[in-house]
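S.K.: Starting from the given sequences, assemble the full structure and let the hints guide the process.
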Amino acid sequence: MNVARALRTLAALVIGTLTAVVELACLLVAAPVALLCLPHAAARRAGERALRAVAVRLAQVEIRRLGLLGGFDLDTGTGRLTGYLAARWPIGLLGGLVLFLLWLGVSEGVRLVWGWAHGENYDGIPPTPGVLAYIGVSAVVLLFLDIMGIQGVAALELRIARRFLGPSPTELLERRIDELSRTRAGVVSAVDQERRRIERDLHDGVQQRLVALAVLIGRARRGRTPQLRDDLLQQAHEEAQEALRELREVAWRAYPAELDTLGLRESLAAVAERAGIPVTVAYGLSARPPTEAETAVYFVVREAVTNAAKHAAAGQVQVEILEDEDTIVVRVRDDGRGGADPGGGGLSGLARRVAALDGRFRVDSPPGGPTTVSAELPRT
Numbered sequence: 001m002n003v004a005r006a007l008r009t010l011a012a013l014v015i016g017t018l019t020a021v022v023e024l025a026c027l028l029v030a031a032p033v034a035l036l037c038l039p040h041a042a043a044r045r046a047g048e049r050a051l052r053a054v055a056v057r058l059a060q061v062e063i064r065r066l067g068l069l070g071g072f073d074l075d076t077g078t079g080r081l082t083g084y085l086a087a088r089w090p091i092g093l094l095g096g097l098v099l100f101l102l103w104l105g106v107s108e109g110v111r112l113v114w115g116w117a118h119g120e121n122y123d124g125i126p127p128t129p130g131v132l133a134y135i136g137v138s139a140v141v142l143l144f145l146d147i148m149g150i151q152g153v154a155a156l157e158l159r160i161a162r163r164f165l166g167p168s169p170t171e172l173l174e175r176r177i178d179e180l181s182r183t184r185a186g187v188v189s190a191v192d193q194e195r196r197r198i199e200r201d202l203h204d205g206v207q208q209r210l211v212a213l214a215v216l217i218g219r220a221r222r223g224r225t226p227q228l229r230d231d232l233l234q235q236a237h238e239e240a241q242e243a244l245r246e247l248r249e250v251a252w253r254a255y256p257a258e259l260d261t262l263g264l265r266e267s268l269a270a271v272a273e274r275a276g277i278p279v280t281v282a283y284g285l286s287a288r289p290p291t292e293a294e295t296a297v298y299f300v301v302r303e304a305v306t307n308a309a310k311h312a313a314a315g316q317v318q319v320e321i322l323e324d325e326d327t328i329v330v331r332v333r334d335d336g337r338g339g340a341d342p343g344g345g346g347l348s349g350l351a352r353r354v355a356a357l358d359g360r361f362r363v364d365s366p367p368g369g370p371t372t373v374s375a376e377l378p379r380t
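Under my numbering, the first residue of the sequence shown carries the number 1, and numbering increases by one thereafter.
Bear in mind the hints are in silico, worked out from the structure with no lab data behind them.
Predicted model, so just to flag it, every value in this text is computed and none were measured.
Check before you lean on any hint, since a few could be wrong.
[Unchecked claim] Restraint-style ranges between C-beta atoms, simulated for each label pair: (1) Gly339 x Gly109: 56 to 62 Å; (2) Ile177 x Arg337: 58 to 64 Å; (3) Leu173 x Leu247: 45 to 51 Å; (4) Trp114 x Gln60: 39 to 45 Å; (5) Leu7 x Arg175: 28 to 34 Å; (6) Arg175 x Met148: 31 to 37 Å; (7) Leu262 x Leu97: 58 to 64 Å; (8) Asp364 x Arg176: 24 to 30 Å; (9) Gly339 x Leu7: 25 to 31 Å; (10) Gln241 x Asn2: 54 to 60 Å; (11) Trp114 x Pro366: 53 to 59 Å; (12) Gly136 x Glu266: 49 to 55 Å.
No residue lacks a Cβ here, since even glycine has one placed at the ideal position from N, Cα and C.
M.R.: Here it is as structure tokens:
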């Protein structure tokens, strides 16, 4: 637990102790009022509306407080607010008790050390080596128990909130089905779009080169002088080389076969060499990722680098491939003119490819630059 997260957790528990007292008071008041209103339908409905309004306000405060412990999907319209408040206030008071014990231990420790530093023996106990060892070990053990207690209360807070305010298993399943339907449609669209791009490149590029090559060879066969034939054959040789280069580019766009032989690191180095502008690649993966994730990373980097070189007038590009627990993080940053459209053909295709792997894709490209293309992909 880092310092910032620890401070947020402590703040959440302190506020939670105060809100637990308020919630307990509201429940103690609401219970007899509900019993008095029970025989009268109009009074009962008015009491239910008032209780609902108070519960919504308290739940909204709790949701903002729980944001300090980590954001997740909560909803005050689930109809389980009263149950949440009834289950939550004991946890809030428990958190307050844990914090009180932490404060008591720290204050007593400071008082003891302060007294010894000024020549005073607390309760007549001198600072002998045995006493120091006993108190030191006890302080470490109690601090450990307090820290575990704080983490346990925070975990209980999140679990109770998810249980009463979070989406139900049915809702989660429906969301997952909708997400899978969208990503499946996105994958089909991305494949069709890429196929059209390949067909266009073959028709407008490679095919035209081959037509020109056939014309040059035909003219060379009809050449009347050796010099003319040599010139035409030289031109035909150059056209053949260009056709081969464009054909390799089309093949790389369909699938980077070099990934199978060279691996991701060397394939990205090859992308940097072919970019035409300075490209720095920082590769921080400890192990080779799965094939699907590796292919997605390659396409994200290649498309972003190609866009920076061809459309953004960038002077240099920085590529980072990092690990964050079980997630592969890809960032491509260029110093070009910015203004990249995330809905464009290439970038939208990347977004759909990443989404198909349950990843996240983002383009940050303000006018004037710089442009940052980032993707997060699960390793498994």
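S.K.: Against the structure shown, which of the earlier numbered hints fail to hold, in ascending order?
M.R.: 2, 9
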